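S.K.: Assemble chain B onto chain A, guided by the hints.
Protein chains: 2
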Amino acid sequence: MKILILGAAGMIGRKLLDHLAEQGTISGVPITGAVLHDVVETTPPAAMPFPVEVLASDYAAPGGGERLIATRPDIIFHLASIVSGEAEARFEEGYRINLDGTRALYEAIRAVPGYVPRLVYTSSLAVFGAPFPEVVDDDYLTAPASSYGVQKVIAELLLADYSRKGFLDGVAIRLPTICVRPGRPNAALSGFISGIIREPLNGLEADLPVDDDLRVWIASPRAAVGYLVHAASLDTAPLGARRSLNMPGVSVTIGDEIEALRRRAGDAAVNLIRRRPDPAVARVVGGWPRNFTAARAHALGFAGDRDFEAILDAYIEDDFRPAGA
Amino acid sequence: MKILILGAAGMIGRKLLDHLAEQGTISGVPITGAVLHDVVETTPPAAMPFPVEVLASDYAAPGGGERLIATRPDIIFHLASIVSGEAEARFEEGYRINLDGTRALYEAIRAVPGYVPRLVYTSSLAVFGAPFPEVVDDDYLTAPASSYGVQKVIAELLLADYSRKGFLDGVAIRLPTICVRPGRPNAALSGFISGIIREPLNGLEADLPVDDDLRVWIASPRAAVGYLVHAASLDTAPLGARRSLNMPGVSVTIGDEIEALRRRAGDAAVNLIRRRPDPAVARVVGGWPRNFTAARAHALGFAGDRDFEAILDAYIEDDFRPAGA
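Just so you know, the protein sequences line up as chains A and B, in that order.
So for the first sequence, UniProt numbering puts the first residue at 1; every next one is plus one.
So for the second sequence, UniProt numbering puts the first residue at 1; every next one is plus one.
Only chain A is shown next, with the shape it has when bound in the complex (with noise of 0.2 Å):
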């Protein structure tokens, strides 16, 4: 089975590829072959236990659909997009990126006859606008409030499309917040929620930018890597034509977050946290969906953290890293 990462070199992409390089096998079939593409160089880890290809394009430039599905992988994630406040400010690139480039690799599927891969489709709560139910179904209408909202729904609805005529057959999967995301901090107007945890944790000082009572829908890297290869060999007949999905996740406020660092770390990790309110960052935040029923994803068996305490411990076994170990 070969397989076509879009966005490998992304923190999740290369959570996804540690995974399936220490299983070589998805669902218990081997996988034989990976293509890793990436707008930038995709660096693979060590030992690779089946042959890989780096690419490092622009996918959505002319011919970039082709040329990403020329092995004919068996299953495709999609996780490649301009992040949202980039396709604010960038208007026409974020159109082109996130919704021509995906479309033109859906087209290029569709010109290869018979050619019918599983394609994974990471989506985003950012299809979802205010206001909201305190609790999110899986029936609630998508009302994006940001162009990247707008264009992740219509990348959902075209793969729905191409998936009823039997163009490919796609899965849609709408992650929650990742939390704990590691690494350094960076300008996403989400990074505190993080940010809270991970600094601390490292000893360092983390500025919080909103009340403590925000609630907030998260799951770990680990159980997005889950849904992805949960998705990737999913039976889909029962989706029927609705091919997207919310993602189980956890819904924390930011308080619950703090009591369970408290918990894990003490008083002196919590005491990093320096309260700086910024009410253009809680606006913006607040108007994001703060929980979710995803039922039909859990009767799909997908699989999420257990609470935010899972989710600390599946940073601090992942990726902490104690300074000077």
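Simulated from the structure, these hints should not be mistaken for lab results.
It should be emphasised that the depicted structure is a prediction, and the values quoted were computed from it without experimental measurement.
Backbone N, C-alpha and C define an ideal beta-carbon position, used for all residues, glycine too.
There may be inaccurate statements among the hints.
Chain B is faced by these chain A residues, among others (derived, beta-carbon under 10 Å) [unchecked claim]: (1) Pro133; (2) Ile154; (3) Phe167.
M.R.: Quick look at chain B alone, frame taken from chain A:
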């Protein structure tokens, strides 16, 4: 105030044009000129109170969007599309006309600095796909069961995003099934919904392919024209990011229609309805939503037909011409 009608030669386009020719204004503001576009030449009403330019072209061809807005119309009524069955049979052409043509129009508008026209986009029940609740509310997800429906939702999403960014000022109205359609029977699967009224009133037989208890969501052509005009002059501020509205309609069974026909035209008319069950038609039409709250549209002042009797009366007043009269 200048206007542009895309799809001016179609049934609703023509009814809108007749109405505007009669009024000479929209919401009290005089119309000073109209561009009438369709893929065929539109024949305007004999007496027009404002200058009219007729354009016949493929609006999705390169440069099509720019040509349409050359006069900088203040209000654009976008009624043009490839119909559902054709979009299903001709995949590429459906996307080219319904998606790419519409997007090119939006892009042409965005390219003109300071030009922010009102754009009224006619959408459809086809944005919804089974299963539904018995009554669909304004928060229900759009999960289309056809390529046409996908193209309509995407055009809605782009309209909302271009509106949010201030490039245009859009309103998408999702029309119920139009009944009673005037003219000759057409090939639409839903044709019988109008046919079982129109044909018997004209002394002709009509086939009924479904059971009497099938429930449908309908509006008269007169109501549809009212929705278009109201959408053209509506204050869009209360819409927020959600620019798509389920229009009011009347939820009736085929049996309700038949009994209204009997009260109006007697048993002789009803006896012209021939029961010719067609499971394929019953399956498709039975998969359409049957009832809506249309709560937002009502709150925004969109006023529909009172009941099926009013729909029947509207047909008789507006379109019925007794044989030999």
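S.K.: Let me know if the C-beta of isoleucine 154/A comes in closer than 10 Å to any C-beta of chain B, holds or violated.
M.R.: 5 Å, holds
S.K.: Would the hint on proline 133/A be counted as holding, given a Cβ-Cβ threshold of 10 Å to chain B?
M.R.: 8 Å, holds
S.K.: Holds or violated: phenylalanine 167/A as interface residue toward chain B, Cβ cutoff 10 Å?
M.R.: 9 Å, holds
Taken one by one, the earlier hints all hold for this structure without exception.
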